[in-house]
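Top line first, the protein sequences correspond to chains A and B.
The numbering of the first sequence is this note's numbering, which starts it at 1 and goes up by one.
The numbering of the second sequence is this note's numbering, which starts it at 1 and goes up by one.
Calculated from the structure, these hints are not laboratory results.
Any given hint could turn out to be false.
FRET-style restraints, in silico, Cβ to Cβ [stated by the list, open to error]:
{"hint": "1", "chain 1": "B", "residue 1": "V31", "chain 2": "A", "residue 2": "S63", "range": "14 to 24 Å"}
{"hint": "2", "chain 1": "B", "residue 1": "T87", "chain 2": "A", "residue 2": "T76", "range": "24 to 34 Å"}
{"hint": "3", "chain 1": "B", "residue 1": "G14", "chain 2": "A", "residue 2": "L99", "range": "29 to 39 Å"}
{"hint": "4", "chain 1": "B", "residue 1": "A51", "chain 2": "A", "residue 2": "A10", "range": "17 to 27 Å"}
Glycine is no exception: its CB is placed at the ideal position from the N, C-alpha and C atoms.
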Amino acid sequence: MPPHMSEPAASERFHLELPSDPANLATARLFVATTARVLGYDEDAVADLKLAVSEAGSAVIASGRHETVTVVVETTPTTGMATVTVGPLRPGDLTGDHLNPGDVILALFPGAHIDETRDALLIPVEPEPAR
Amino acid sequence: MTDPMTLDVSSEAGRTVLRVRGEIDLATAPVLEERVQQLQRGEPLVLDLAAVDFVDSTGLRVILGADTRATNQGTSLAIVAVDGPVTRLFDLTGVGSRLAVFESIADAAAHE
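Full structure from sequences and hints, please.
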């Protein structure tokens, strides 16, 4: 590499897998909150991520199809974006009666979507503005 | 390890007050639901959520169910919530305007 070029920052990946039990949702929220703070997100963003992960994790548990809930936080150095993945989830898992978990997630993160190839919810998170 | 959610019942300003502290989610919402149903039997209730650190749509369903139950019983449900996770979820889902939300127990108790 030429001397004037710097080494690209490495991506980071944080992974949590928990038994599919409502009692573990608090741990999933703590994990995403801690990770988001490490990545430099402010407390408003941390609160939004906790809520989105809790909604998605609840949907995994409520589906009754899976023994574990997986939460992954990954960074993309080239864009500064982070992506939070929660699964396993299918599109119908985020619908409810009169209050859809998916609506709450989309209100928080409009780019969130189910990736059917990964069987999971992907939540793109904008980088924090430079301070 | 501390309890994720604690419930305290008291009588303040002539009203039954259920004070909730901690987190309301899929794990704790059924406990809250049961306690609210016990207290609501034909009686008005103040649900103090000012010390709630976290709530998601599971908890919101309990709150909306309690509000519907109060209406069906001809009584009232007053919510106490200050700026925080509860009001944030009310704003996100647009349900805040359907509920009687106050900033203090005194304000809620004064509400008829």
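We went through each hint and held it up to the structure:
At about 22 Å, the CB distance of B:V31 to A:S63 agrees with the hint of 14 to 24 Å. As the Cβ distance of B:T87 to A:T76 is approximately 33 Å, the hint placing it in 24 to 34 Å holds. For the pair B:G14 and A:L99, the supplied restraint of 29 to 39 Å holds, since their beta-carbon distance comes to about 32 Å. A hinted range of 17 to 27 Å for the beta carbons of B:A51 and A:A10 is inconsistent with their spacing of about 41 Å.
Hint 4 from the earlier list is the only one contradicted by this structure; the remaining hints agree with it.
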